[in-house]
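Let the sequences and hints guide you as you build the complete structure.
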Amino acid sequence: DAKTTQPPSMDCAEGRAANLPCNHSTISGNEYVYWYRQIHSQGPQYIIHGLKNNETNEMASLIITEDRKSSTLILPHATLRDTAVYYCIVRVPGGFKTIFGAGTRLFVKA
Amino acid sequence: DVKVTQSSRYLVKRTGEKVFLECVQDMDHENMFWYRQDPGLGLRLIYFSYDVKMKEKGDIPEGYSVSREKKERFSLILESASTNQTSMYLCASSTPMGGGETQYFGPGTRLTVL
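Chains as they are written, first to last, in my numbering: chain A, 18 to 127; chain B, 890 to 1003.
A couple of the hints might just be wrong.
[Unchecked claim] Each computed EDC-like pair below joins lysine to aspartate or glutamate, with the alpha-carbon atoms no more than 20 Å apart:
1) B:Lys942 with B:Asp927
2) B:Lys959 with B:Glu906
3) A:Lys126 with A:Asp99
4) A:Lys20 with B:Asp948
5) B:Lys892 with A:Asp28
6) B:Lys902 with B:Glu968
No lab work stands behind these hints: they were computed from the structure.
All values reported here derive from a predicted model rather than from experimental measurement.
Structure representation (structure tokens):
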């Protein structure tokens, strides 16, 4: 599985969009990009995933660049409850190992 | 909604005790996983199972064993607990979805070994 690079921390004002970047320059053609988040003292929570097209669900949007070497998770209207560590992961389908890096600690401020 | 439950949120045991951590999922997922999470080290895979009675070692299996007798239940066993096994333990299950494979996590068990 390819490695990912994320900024260690970011701030966002409540009600504004939070844009969390991720670099995965060694991603291979069959690897998916996944995003999870972990709120303090809880298990990680699945947010969204994609292969090459942009994806949107009720939680977030995922924008993947055309060369697939980077992606951005967008929380359109961040709330205080979105304060968490956000993990960007790449993995092949059917692969059993999911490598969680250090992630980005997002602070949403009132 | 997928639900993954773990038997305890907090557990305190003594060195040398045998410890059982239980995980149950209600979505008929084939794959189940045990991770531990420590500050600065992220999540590390201990064991996983892709079917009943099947198991595979992850990155840090030493000092642990697992059991999967039923599809919905995956147990992590610490044969003789040691202080360096004090950690947050996370269980997950997964199923193929939308071409990928998504893991769903339980709330975690914070184990302290004295």
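Is it true that the CA of B:Lys959 sits at most 20 Å from the CA of B:Glu906?
-> violated (25 Å)
For B:Lys942 and B:Asp927, compute the direct alpha-carbon distance and say whether it is at most 20 Å. Violated, because 28 Å separates the two Cα atoms, which is more than 20 Å.
Would you mind confirming whether the straight-line C-alpha gap from B:Lys902 to B:Glu968 stays at or under 20 Å? OK: B:Lys902 and B:Glu968 at ~12 Å, within 20 Å.
* Below or equal to 20 Å on CA atoms is what counts here, so check A:Lys20 against B:Asp948. => holds (16 Å)
Given the hint that A:Lys126 pairs with A:Asp99, test it: the Cα-Cα distance must not exceed 20 Å.
-> holds (10 Å)
Would the hint linking B:Lys892 and A:Asp28 be met if the CA-CA limit is 20 Å? Roughly 31 Å separates the two Cα atoms, so the pair is violated.
Violated hints for the displayed structure, listed by number in ascending order: 1, 2 and 5.
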